[in-house]
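Engineer: Here is what each chain is made of, one letter per residue.
Number of protein chains: 2
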Amino acid sequence: MLDHQTSILKKPQLTLDIGKVRRNISRIVDKLQRHGVFFRPHFKTHQCAAIGELFKDMGITAITVSSLDMAAYFAKHGWDDITLAVPVNPGQLQDIDLLARRIRLNVLVDSLEVATMLNNALNVKCPLWIKVDVGYGRVGIKWHDEQNVLELAKLVESSPQLEFCGLLTHSGHTYECRGKEQVIHRFDEGRRRMLKLKQMLLANGIRARISMGDTPSASLVEAFEGVDEMRPGNFVFYDLTQTQTGSCSETDIAVAIACPVIGKYEDDLKVVVYGGSVHFSKDSVNINGERLFGQLALPTTDGWKIIPLSDGKVVSCCQEVSKIKVSREVFEQIELAQTLYILPAHSCLAAEVYPRYLTTNGEVLERFRLFE
Amino acid sequence: MLDHQTSILKKPQLTLDIGKVRRNISRIVDKLQRHGVFFRPHFKTHQCAAIGELFKDMGITAITVSSLDMAAYFAKHGWDDITLAVPVNPGQLQDIDLLARRIRLNVLVDSLEVATMLNNALNVKCPLWIKVDVGYGRVGIKWHDEQNVLELAKLVESSPQLEFCGLLTHSGHTYECRGKEQVIHRFDEGRRRMLKLKQMLLANGIRARISMGDTPSASLVEAFEGVDEMRPGNFVFYDLTQTQTGSCSETDIAVAIACPVIGKYEDDLKVVVYGGSVHFSKDSVNINGERLFGQLALPTTDGWKIIPLSDGKVVSCCQEVSKIKVSREVFEQIELAQTLYILPAHSCLAAEVYPRYLTTNGEVLERFRLFE
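Chains as they are written, first to last, in the working numbering: chain F, 17 to 388; chain H, 17 to 388.
Pairs involving identical chains hold if they fit within one copy or between any two copies, as the list cannot separate such chains.
Here are the simulated lysine-lysine pairs, BS3-like style, with alpha carbons at most 27 Å apart: (1) Lys329 / Lys36; (2) Lys280 / Lys212; (3) Lys280 / Lys341; (4) Lys47 / Lys212; (5) Lys286 / Lys170; (6) Lys26 / Lys92; (7) Lys141 / Lys92; (8) Lys27 / Lys341; (9) Lys286 / Lys158; (10) Lys27 / Lys141; (11) Lys196 / Lys329; (12) Lys321 / Lys27; (13) Lys280 / Lys329; (14) Lys158 / Lys341; (15) Lys158 / Lys329; (16) Lys170 / Lys158; (17) Lys72 / Lys92; (18) Lys36 / Lys196; (19) Lys329 / Lys286; (20) Lys27 / Lys280; (21) Lys170 / Lys212; (22) Lys196 / Lys47.
Calculated from the structure, these hints are not laboratory results.
This structure is a prediction, so every number in the text was calculated from the model and none was measured.
All chains should be built: construct the whole structure from the sequences, respecting the hints.
Structural biologist: Here's what the structure looks like:
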């Protein structure tokens, strides 16, 4: 039982439903296994050694992270095959070398210049992927720039300290999709672009594996032909953004922020909680034309229960407090000082705020912290 | 000289120009003094004892904070007159009582119910303000609900443990204003609404002071008649949001996030830095129809220099990296691994991420941390 169900909750608390986490993990584990795709989950969403153990229990041996410090944290907790899924930061070459001596640290590059710097800095052979941009437009060599991909692959193949693994992409633009059909279409477009590059390399005598990312694709796609590896991360918790891509329902969301009620305003059917952008992050999601910072859920004896979005939505989020518009029925159930739960717009950033989780069965799970 | 100007910066670093901070503070100190308005700065933006000392040096004796923990932090650093500018959280009555025994802790209420709970919980007389909503629509009794204000004021006056100070509001909706004229108009509307309530109370034999908030008003307004106290906070650093209200120019912005360059993409005139939503927060500002997460500034020997927004704007911000669209001229000046500076969309939330500041002259200043 949650501490704040027996006593009054003083401050916002990141709360985790570990049963939902397990279910979310096993669903993707089973699916990717069925399709024969290697599963290298991204740990940037939970950033927690104890949650990592749940993955280990389901047979996962390799992971993805988004910073070198996060890689070092999980290496300390026994993971020895980690992909750092952000292009190599030339300012951290020595630190990469140090960690690559201890574990299999897979890195990403998208330029000849950085690949050369990396090769020169390393004292150990390091597995490397070429980062490809299949349309998201963030980092990576553009999928149609075959010449550049080939040149970089050749350089890597001829670099004594680099081991060429293949082509890696993150179709982050699936987050803009609404519904299964759009996600499948976008994933497939990216997959075909990756396969074309793979074949081009093969024609030049270079073998490459294909690694793809993203929670919407892992959740909704059923055709992974030619894809060797998937690296979704957010699925472990899901969030309101993912309900909009169609990847999950509200009942799959495994984290919520418990917040005490500090004000009720009957005229506006509005409830104000202690809990704001410093407790959830300022990320939001557009649902039916409205910018929302979260969805209300009501406490139960063992967690929270979902109510329709129209019964409780977080319509504004200041530094320390948030405003929830509720239906009259819900308004009348809510009391000052009671605990409410907020399902976050973006679970990665909401969880990022906190040093630890409180689970719905009372356990405390420590997280990696970016700044000590 | 900054550490990362002599060596390569490994990771994003919150950087503070203390000269700009001093100038921003003294400008508002001088102005409010000239107008005879008591200045009770909000410390939620900087949350730093050392920056607090700069205010003390300019004669400031009383402050505003946004959480009880923040109040306790500044009490520990010698502040003994603090307003907690969020309505009382009924879950923290005992903690309020404990702190109110040590310092003059001013609190806010907007309901009879919480005022009664507070009076019953206190072992010491506590100064109290009625929170009024003059149009922002977040918390507070609505300005036109005179009956409610009067009833609450009477209750407070008759409560042995409560000392009625007056009416307090935060015109947070000035943030939506574009330019001086709009800010002045909105502030004045709020001021007149507050004065009307004050007169209503006086007609009922109750004297009330008037406390108002917000950086746009403090920066742009020159007519404070009837206002006893101002509580702006963001002005200490300013940010891109405030350039849009007209409250400051880019050269006034006193914090920037130093980030290493990890990618250059000539086709798109795009630069990617290590530094994302976990380093800046995910807040953004709409400038000329574009959603921006920051503005690029270039390093100098003693800080950063402003360049036109059209030469460098942060157009997307993922968890760990951000994408900056630059002009060709700027693109050609930028090198891989060099340090760039990002002026944040919202300085309160960007600074919130970090446990400490590095000043442009090499000092390290510790901040209050929400979670230990």
